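> Listed here are the chains, written in short residue letters.
There are 2 protein chains.
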Amino acid sequence: MTSASHPHPTLCVEVPLGDRSYNINIGTDQIDSFGQMLLATLPDLSHALLIADAAVEDPWAKRLTDSLAERSNQHGTPIRVSYRSVPSGETSKSVSQLSDIWQWMLDSSTDRSSVLIAVGGGVIGDLAGFAAASYTRGIRFIQVPTTLLAMVDSSVGGKTGINLPTSKNMVGAFWQPSLVMIDTDVLSTLPDRAYISGLAEVIKYGVIDDAAFFDWLDANAAKLVARDDEAVRHAIAESCRSKSRVVGEDERETSGRRAILNYGHTFAHAIEATAGYGELLHGEAVAIGMQMAANMAVDLGMCEASLLSRQTALLRACGLPTTFAAADVDAMLPVMQRDKKVSHGKLRFILPERIGSVGLVGDIDPAAVIRAIKSCR
Amino acid sequence: MTSASHPHPTLCVEVPLGDRSYNINIGTDQIDSFGQMLLATLPDLSHALLIADAAVEDPWAKRLTDSLAERSNQHGTPIRVSYRSVPSGETSKSVSQLSDIWQWMLDSSTDRSSVLIAVGGGVIGDLAGFAAASYTRGIRFIQVPTTLLAMVDSSVGGKTGINLPTSKNMVGAFWQPSLVMIDTDVLSTLPDRAYISGLAEVIKYGVIDDAAFFDWLDANAAKLVARDDEAVRHAIAESCRSKSRVVGEDERETSGRRAILNYGHTFAHAIEATAGYGELLHGEAVAIGMQMAANMAVDLGMCEASLLSRQTALLRACGLPTTFAAADVDAMLPVMQRDKKVSHGKLRFILPERIGSVGLVGDIDPAAVIRAIKSCR
Chain A
1 MTSASHPHPT LCVEVPLGDR SYNINIGTDQ IDSFGQMLLA TLPDLSHALL
51 IADAAVEDPW AKRLTDSLAE RSNQHGTPIR VSYRSVPSGE TSKSVSQLSD
101 IWQWMLDSST DRSSVLIAVG GGVIGDLAGF AAASYTRGIR FIQVPTTLLA
151 MVDSSVGGKT GINLPTSKNM VGAFWQPSLV MIDTDVLSTL PDRAYISGLA
201 EVIKYGVIDD AAFFDWLDAN AAKLVARDDE AVRHAIAESC RSKSRVVGED
251 ERETSGRRAI LNYGHTFAHA IEATAGYGEL LHGEAVAIGM QMAANMAVDL
301 GMCEASLLSR QTALLRACGL PTTFAAADVD AMLPVMQRDK KVSHGKLRFI
351 LPERIGSVGL VGDIDPAAVI RAIKSCR
Chain B
1 MTSASHPHPT LCVEVPLGDR SYNINIGTDQ IDSFGQMLLA TLPDLSHALL
51 IADAAVEDPW AKRLTDSLAE RSNQHGTPIR VSYRSVPSGE TSKSVSQLSD
101 IWQWMLDSST DRSSVLIAVG GGVIGDLAGF AAASYTRGIR FIQVPTTLLA
151 MVDSSVGGKT GINLPTSKNM VGAFWQPSLV MIDTDVLSTL PDRAYISGLA
201 EVIKYGVIDD AAFFDWLDAN AAKLVARDDE AVRHAIAESC RSKSRVVGED
251 ERETSGRRAI LNYGHTFAHA IEATAGYGEL LHGEAVAIGM QMAANMAVDL
301 GMCEASLLSR QTALLRACGL PTTFAAADVD AMLPVMQRDK KVSHGKLRFI
351 LPERIGSVGL VGDIDPAAVI RAIKSCR
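Top line first, the protein sequences correspond to chains A and B. Everything in the first sequence is counted per full-length UniProt numbering, starting at 1 for the first residue and increasing by one. Everything in the second sequence is counted per full-length UniProt numbering, starting at 1 for the first residue and increasing by one.
Heads up, some of the hints might be wrong.
Identical chains blur together in the list; that is why a pair holds if it fits in one copy or across any two.
[Unchecked claim] Each computed DMTMM-like pair below joins lysine to aspartate or glutamate, with the alpha-carbon atoms no more than 20 Å apart:
#1 Lys-168 / Asp-107
#2 Lys-346 / Asp-107
#3 Lys-346 / Asp-229
#4 Lys-346 / Asp-330
#5 Lys-223 / Glu-14
#6 Lys-62 / Glu-253
#7 Lys-374 / Glu-230
#8 Lys-62 / Asp-29
#9 Lys-374 / Asp-250
#10 Lys-346 / Asp-44
#11 Lys-346 / Asp-111
#12 Lys-168 / Asp-111
#13 Lys-168 / Glu-279
#14 Lys-168 / Glu-90
#15 Lys-346 / Glu-253
#16 Lys-346 / Glu-70
#17 Lys-223 / Asp-250
#18 Lys-346 / Glu-57
Just so you know, the hints here were simulated from the structure itself, not pulled from any lab data. As the structure is a prediction and not an experimental result, all values here were calculated from the model.
Full structure from sequences and hints, please.
Structure (structure tokens):
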């Protein structure tokens with residue numbers, strides 16, 4: 001699968017975080033030269049740990065491992081590779097899986113000069129990232145996202161963590177990777193529904209941050225759905241640029257700026273928590289949540305109705321759901337009131353003002369929330 | 001127990017860490033005005049969680065809780081207080097205890113505006129500190145150390161963490177407190193052996209960083225052993241000043257500077273790991289470890305023999321052990337070779353050059369390590 005020529009240049013997006021800055025490389029045909037790329041970033045590397053989602057073990061994690069195991073570092077020392085696969089799915093983001101990983105890292109003679117590489121979607125990135133953040137109080141970490149959702153969202157920005165039995169992402173760390181390596185070749189094994197789900201987060205960046213990108217998405221929706229290589233890479237790069245800008249301005253969610261990334265997500269989390277596990281993919285819930293938020297913004301007179309219709313049309317053109325008939329208002333509202341981002345029990349939402357611009361609106365009347373949910377049933 | 005007048009002024013040491021800077025307040029008679037002091041630092045506080053060592057629940061944690069529960073914040077909102085005691089001893093620094101604390105924090109409706117207060121020695125500070133660092137990716141944290149060892153060492157500098165079954169402090173975070181509140185009144189319930197053990201770390205600062213402080217300790221050893229109030233506070237403040245300086249220069253152990261705080265500790269950890277749990281207190285092992293390190297420095301021609309004799313005399317004057325007849329050379333050496341601070345299996349030690357100055361010496365011959373251990377049997 002290696003090739004001598006690269007018809008498509010690798011795109012590079014920098015996440016600007018001072019001494020924690022890092023690059024996101026977006027390209028194709030990089031898997032088998034991963035070892036080389038890694039040594040360019042970490043020339044002293046002598047021990048790499050790979051944690052991979054079991055679903056991408058063959059062929060992606062295996063090829064990455066091979067590409068590492070055949071390299072030596074700047075001192076001529078061969079890279080020692082430790083490998084572990086983790087079952088697919090949200091239930092792996094548990095205390096017991098994390099605890100097993102810590103013990104495995106210890107048994108693998110991991111020290112602060114080791115690097116941990118996450119190969120998978122958001123579950124693996126979050127879990128492995130927190131293991132990297134906490135083992136000996138922090139070792140270096142690399143993200144190799146294998147889902148579109150992880151490429152445009154979870155692998156960028158340094159949020160890591162696990163779930164508690166009754167609450168998602170309650171425990172974790174802000175821990176930035178040293179590198180994010182995105183190879184769109186890996187999307188070839190990603191099922192259609194999961195791929196389309198990832199497009200919801202892509203469209204989100206157009207709405208919250210970048211009107212020109214929204215226009216481009218409008219014009220290129222069909223290409224994206226058909227997984228046209230160049231369009232996909234462009235969409236990923238623009239998404240990463242938006243996310244990097246926001247994260248660079250508010251790394252630890254202290255100024256409130258980073259909250260704009262949660263557009264549609266307060267609704268989405270409530271949908272996911274009440275609809276039954278596995279009913280909807282995360283991106284599908286985000287698409288519906290964005291529709292609820294846009295409906296609310298129109299309802300409250302914050303934006304024009306044309307925003308909602310343009311968003312609806314783009315989501316549909318990408319094959320994403322825009323309504324959810326089973327939305328359970330009575331169950332969703334209490335979940336939203338317990339949300340981590342709620343301040344003293346008051347409901348706050350990221351709402352669009354126009355395409356490319358959103359604002360945080362506090363102290364929303366629960367009746368408006370109920371209307372927004374019902375508008376999408 | 002409250003008093004209207006403060007015969008001894010509160011000493012204040014700043015830990016200089018940019019936007020993570022904080023104060024260490026060292027005083028007396030502060031327990032019952034803790035709520036007031038806390039609100040001066042965190043005026044918006046509305047929820048405080050106390051985690052206390054079961055051994056200091058009565059009276060210290062109870063009085064701290066009372067002093068909090070009777071206050072209101074700047075908005076007139078009463079402070080809600082959640083309380084949890086943790087069994088004394090190193091075994092509480094476990095994954096299962098941490099996991100229970102996370103769930104308790106969730107059940108207590110903890111959010112990012114809450115503050116977690118650790119009341120106890122190093123075990124509680126390390127455990128609660130990591131819980132604070134990781135819950136919702138980090139909430140505010142206050143240290144109220146109740147042992148001399150925690151006052152002069154573990155409560156300052158932001159190292160938090162837990163143990164894995166076969167290895168101490170393998171998992172954690174660098175997470176700085178917002179405030180360290182040291183009230184020497186609490187030492188009145190600290191047993192003599194634990195108090196004396198804490199003096200080993202105090203003496204360490206004289207050897208590694210501050211010759212004038214070493215001279216002062218030499219002249220005031222009897223007062224310290226007798227727990228003279230003013231002498232104790234001065235010794236704590238000088239120790240915190242030394243530690244703050246070092247931590248301010250190398251918060252995350254990246255430059256190597258912070259390693260000087262490990263003077264005597266590579267030996268001490270090996271003694272603790274091989275002597276059988278509970279045989280020696282940590283400070284006692286550190287005293288013996290400092291003797292082994294000083295012996296090694298003299299042996300290698302790094303410093304004059306008078307340094308060793310002055311250190312020996314001061315440790316003895318404080319009632320600390322300077323030899324350990326049961327030291328098991330064959331068991332200790334492999335433990336030291338697995339130490340977290342070992343680089344690629346090579347033995348490195350912090351060794352004294354003169355009183356007030358130490359250096360990191362790499363690639364030490366195991367034979368010299370064996371001689372150093374045997375010199376203290």
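> Against each hint, give a clear statement of whether it holds in the structure.
Cross-check of the supplied hints:
When the C-alpha separation of Lys-168 and Asp-107 is checked against a cutoff of 20 Å, the pair qualifies only between copies, where the shortest distance is 14 Å, while the shortest distance within a copy is 29 Å. Taking the closest pair of Cα atoms, Lys-346 and Asp-107 come within 20 Å of each other only across two copies (19 Å); inside a single copy the shortest separation is 46 Å, beyond that limit. When the C-alpha separation of Lys-346 and Asp-229 is checked against a cutoff of 20 Å, the pair qualifies neither within a copy, at 44 Å, nor between copies, at 49 Å. Proximity of Lys-346 and Asp-330 under a CA criterion of 20 Å is satisfied intra-copy only: 17 Å inside one chain copy versus 63 Å between copies.
Taking the shortest Cα distances, Lys-223 and Glu-14 never come within 20 Å of each other, neither inside one copy (26 Å) nor across copies (59 Å). Taking the closest pair of Cα atoms, Lys-62 and Glu-253 never come within 20 Å of each other, the shortest separation being 36 Å inside a single copy and 34 Å across copies. In this assembly of identical chains, the alpha carbons of Lys-374 and Glu-230 never lie at most 20 Å apart, being 38 Å within a copy and 69 Å across copies at closest. With identical chains, the CA atoms of Lys-62 and Asp-29 are at most 20 Å apart within one copy only, with a shortest distance of 15 Å there and 63 Å across copies.
For a Cα distance limit of 20 Å, the shortest separation of Lys-374 from Asp-250 qualifies neither inside one copy, at 33 Å, nor across copies, at 55 Å. In this assembly of identical chains, Lys-346 and Asp-44 lie within 20 Å of each other by CA distance solely across copies; the values are 16 Å between and 50 Å within a copy. Proximity of Lys-346 and Asp-111 under a CA criterion of 20 Å is satisfied inter-copy only: 13 Å between copies versus 44 Å inside one chain copy. Taking the closest pair of Cα atoms, Lys-168 and Asp-111 come within 20 Å of each other only across two copies (14 Å); inside a single copy the shortest separation is 29 Å, beyond that limit.
For the identical chains of this complex, Lys-168 and Glu-279 are intra-copy neighbours only, at 17 Å inside a copy versus 43 Å across copies, given an alpha-carbon limit of 20 Å. Taking the shortest alpha-carbon separations for Lys-168 and Glu-90, only the intra-copy value of 9 Å comes in at or below 20 Å, while the best inter-copy value is 30 Å. Taking the shortest Cα distances, Lys-346 and Glu-253 sit within 20 Å of each other inside one copy (18 Å), while across copies they are farther apart (41 Å). Taking the closest pair of Cα atoms, Lys-346 and Glu-70 never come within 20 Å of each other, the shortest separation being 55 Å inside a single copy and 25 Å across copies.
Taking the shortest alpha-carbon separations for Lys-223 and Asp-250, neither the intra-copy value of 33 Å nor the inter-copy value of 51 Å comes in at or below 20 Å. Taking the shortest alpha-carbon separations for Lys-346 and Glu-57, neither the intra-copy value of 44 Å nor the inter-copy value of 35 Å comes in at or below 20 Å.
Hint compliance for this structure: hints 3, 5, 6, 7, 9, 16, 17, 18 are broken, all remaining hints hold.
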